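My request is simple: use the sequences and hints to build the entire structure.
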Amino acid sequence: MNYYLKYAISNITFATPIEEVKEVARPKNISKRKREKNLLGFIDLRKKKVPLYDLPKLLDIQAEEKFEAIISQIDKKYIGFKVNKVLGIITAEDLLPFPELVKPKSYFQGIIKDDDSFVQVLSFKKIVSGFKLKTRKK
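Quick note, this note's numbering runs 666 ahead of the 1-based positions in the sequence shown.
Keep in mind that the hints were calculated from the coordinates and are not lab data. All figures in this text were calculated on a predicted structure; none of them were measured in a lab. Beta carbons: idealized from backbone N, C-alpha and C, even for Gly. One or more of the hints may lead you astray.
Within a straight-line C-alpha distance of at most 30 Å, the following computed DSSO-like cross-link-like pairs (lysine-lysine) qualify [said to hold, decoys possible]: (1) K751 to K732; (2) K742 to K732; (3) K769 to K672; (4) K698 to K715; (5) K672 to K771; (6) K743 to K715; (7) K703 to K743; (8) K791 to K714; (9) K688 to K791; (10) K791 to K672; (11) K688 to K714; (12) K723 to K672; (13) K751 to K714; (14) K688 to K751; (15) K672 to K688; (16) K694 to K732; (17) K698 to K672.
Distance ranges between label pairs, derived from CB positions [what the hints assert, rightly or not]: (18) D726 to L767: 15 to 23 Å; (19) D782 to K742: 33 to 41 Å; (20) K792 to Q728: 16 to 24 Å; (21) N668 to V768: 17 to 25 Å; (22) K715 to S783: 35 to 43 Å; (23) N677 to G776: 19 to 27 Å; (24) K703 to I678: 16 to 24 Å; (25) K779 to E689: 23 to 31 Å; (26) V768 to K732: 28 to 36 Å; (27) K698 to D741: 22 to 30 Å; (28) P763 to N677: 19 to 27 Å.
Okay, here's the thing in structure tokens:
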């Protein structure tokens with residue numbers, strides 16, 4: 667059995683393998699510093715400054731103003747990703763491939779069936795390497 671964190675951006679549902687998720691945060695303030703592409707700013711997470719990336723913008727999806735942050739730890743660095751709403755943990759036996767007609771970006775791992783719908787599985791680790799997101803050294 668595989669576990670995933672399910673979340674929504676606009677009206678599109680995604681999931682990420684639970685091993686790529688450290689925690690979910692609801693930041694009140696974003697401190698804006700030097701502007702990097704797709705970087706919203708930094709959030710405070712237990713006395714650490716964590717970069718918060720705009721996942722809807724990375725995926726070219728119009729998003730709502732209200733958001734939550736999924737915190738991932740990649741290469742010993744905390745990185746946050748903005749999503750509209752975290753929906754909870756789901757499980758799936760198998761990760762299914764995309765249909766042959768679909769040519770997904772490298773950061774999509776496949777799809778899973780959740781009740782009566784299909785959910786796209788996205789890897790934060792592959793997003794970080796694919797977009798070459800800059801992270802601060804701690």
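Numbers of unmet hints, in rising order: Checked against the structure, no hint fails, so every one of them is satisfied.
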